[in-house]
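As you go down the protein sequences, you meet chains A and B in turn. Following our numbering, the numbering of the first sequence begins with 1 at its first residue and continues without gaps. Following our numbering, the numbering of the second sequence begins with 292 at its first residue and continues without gaps.
To be clear, the hints were calculated from the coordinates, so they are not data collected in a lab. Just so we're clear, the structure is a prediction, and the values are computed from it rather than from any experiment. Yeah, the Cβ is synthetic: ideal placement off N, Cα and C, and Gly gets one too. Honestly, I wouldn't trust all of these hints.
[Unchecked claim] Label-pair ranges, simulated between beta-carbon atoms:
1) Trp137/A x Ala337/B: 27 to 33 angstroms
2) Glu382/B x Gly252/A: 36 to 42 angstroms
3) Pro502/B x Val204/A: 52 to 58 angstroms
4) Leu410/B x Asp49/A: 23 to 29 angstroms
5) Thr417/B x Val75/A: 41 to 47 angstroms
[What the hints assert, rightly or not] Output of the computed footprint for chain B on chain A, the stretches with three or more beta carbons under 8 angstroms from beta carbons of chain B:
6) 17-30
7) 37-49
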Amino acid sequence: MTAIPTAPLRRRLPLNWLGIVPFALFALLFLILPTMNIVVGAFRNAAGDLTLDNIRGLFAPSIVASYWISIKISVASSLLGAAIGFAMAAAVVLGGLPNWIRSPVLTFSGVASNFAGVPLAFAFMATIGPRGLLTIWLLEKWGINLRAEGFTILSFWGLTITYVFFQIPLMILIITPALDGLKREWKEAANILGATTFQYWRLVALPILFPSILGTFALLFANAFGAVATAYALTGSSLSIVPILLFAQIRGDVLQDPHLGYALAFGMIVITGVANGLYIWLRVRSERWLK
Amino acid sequence: MKRYFSWAVLVAGMGYFILPLVGLTEFSLSMRRGEYSFDAYAAVLADPTFRQTFSYSVVMALLTIAFGVLLVVPTAYWVRLKLPRLRPYVEFVTLLPLVIPAIVIVFGYIRMFNTSSWLPLTGSTTGTNLLLMFGYSTLSLPYMYRAVDTGLRTIDVATLTEAAQILGAGWVTILARLILPNVLVAVLSGAFVTFAIVIGEFTLAALLNRPAFGPYLQLMGANRAYEPMALAVIAFGITWACMGLIQLVTRFSKHTKAAR
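Based on the provided sequences and hints, a complete structural model is requested.
Below, the structure written as structure tokens:
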């Protein structure tokens, strides 16, 4: 009697998980373990003992300055990108523009958000660099000497203006669905109750969109914070933002302490991780309304 | 009134995007003094290093796409069919490359796969190439997985699989002749994004010391004036072509669906 039920039971031995083994192995080997390796390295000294010295080392003035300029550039470019991207997306979705304009704007955003890295740096070098198109035009037509005004492309503003090029399209791509989710009935209801356009935006639309906007801002921030190629091609190592410092450290141990390098990388993970965590959390919140 | 304001915002924004591209193109054409010419392009195309690094990156991109398809399509299919409870976790893992900066990932590679480790991939050229390909696959994982998973959502995976099994198909047949053709559009759009990412990628290739297009671009930028601009125009053209192809492929599939 007992032998009969064992046969189907054995056939139900769970083997389904086998299908995910290749993916799990890949993710473990080439994503999770390398990252863990860095994280663990950040808390070890050369002898392999646990220590907090590396993290403490991050608070050396030069490294704090690196983090600070990185954060400033990321915040400024995300703010500008989010504001301009939002205005453009709102113009396309709600601004009464003809329908055909939407598709090219979204396609172009897809292209521009992928046009980062070294070529982007060259494009801005050719435009606002020392011999750039805009620089020369301003000098010859208007007598404005950007360099004499204190502007160089190798600076906070130079890098920020360049980063905005991939921040705006990313904002447009992410915020357009949220703007689509604003129901016409809400606007009509507000109008019937006597609200002005300004009141509608302040009391209805913006509070609903707020989590989306803030969440996208966090994503843009992380996006700018981790970018290496654009900054490196633009400034070499003259502007010491965190990714550039880390790049130089990996190439030639400029900090003269490998474990401080791990701590530097760990700091980057923490910052982009917090920003992305914020994004995911706010996204879940905003989806409540925009279903 | 509102419409004029919208136009103004859009035109001003577009101006910001078009100006650098105009500046770039203008610069790339002005190698010869006083007139426009394609001299910079000619110089670049005649450079054997350009041809080497460019074809290296193209081959890398194709290998990455092939590996990505082989990894992602079966995984996404299997998760949808048999392990739906794992979906949020798998999705979370595929999004991690957007959270962890590429430079940190490659730093981990250099540490984990160095010559004195248990898997010394960086010890040989083939090993480093392989590592670079895995790295590129990691970078493109979020885009590839999302594209394929969205594609799978539009077909009835369970019914199709059962039908194929009743007709005697094995797993390989099901994946290659049933699932893959059905999500081909999604796979292609993932593939084009991957291509656009890999072709100009700088950080991984530079730190793993491989002769790819991205580091070559950076090196030219540091040493020459006009040639890098021509290269950047070419790179932009490639990105544009990839995104255009995605649009084309997606639109094409919409038409075939409407005709049915």
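(message) Given a hint of 36 to 42 angstroms, does the C-beta separation of Glu382/B and Gly252/A actually sit inside it?
(response) 38 angstroms, holds
(message) For the segment 17-30 of chain A, count the residues whose Cβ lies under 8 angstroms from any Cβ of chain B; is that count three or more?
(response) holds (count 9)
(message) Please check whether the segment 37-49 of chain A has three or more residues whose CB lies within less than 8 angstroms of a CB on chain B.
(response) Check passed, 3 qualifying residues.
(message) 52 to 58 angstroms was suggested as the range; check whether the CB atoms of Pro502/B and Val204/A agree with it.
(response) With a Cβ separation near 56 angstroms, Pro502/B and Val204/A satisfy 52 to 58 angstroms, so the hint holds.
(message) Given a hint of 23 to 29 angstroms, does the C-beta separation of Leu410/B and Asp49/A actually sit inside it?
(response) 25 angstroms Cβ-Cβ, so the 23 to 29 angstroms window holds.
(message) The hint says 41 to 47 angstroms between Thr417/B and Val75/A; measuring C-beta to C-beta, is that right?
(response) 43 angstroms, holds
(request) Evaluate the given range 27 to 33 angstroms for the C-beta pair formed by Trp137/A and Ala337/B. (result) Since the Cβ atoms of Trp137/A and Ala337/B sit about 32 angstroms apart, the hinted range of 27 to 33 angstroms holds.
Against the hints set out earlier in the document, no violation occurs for any number.
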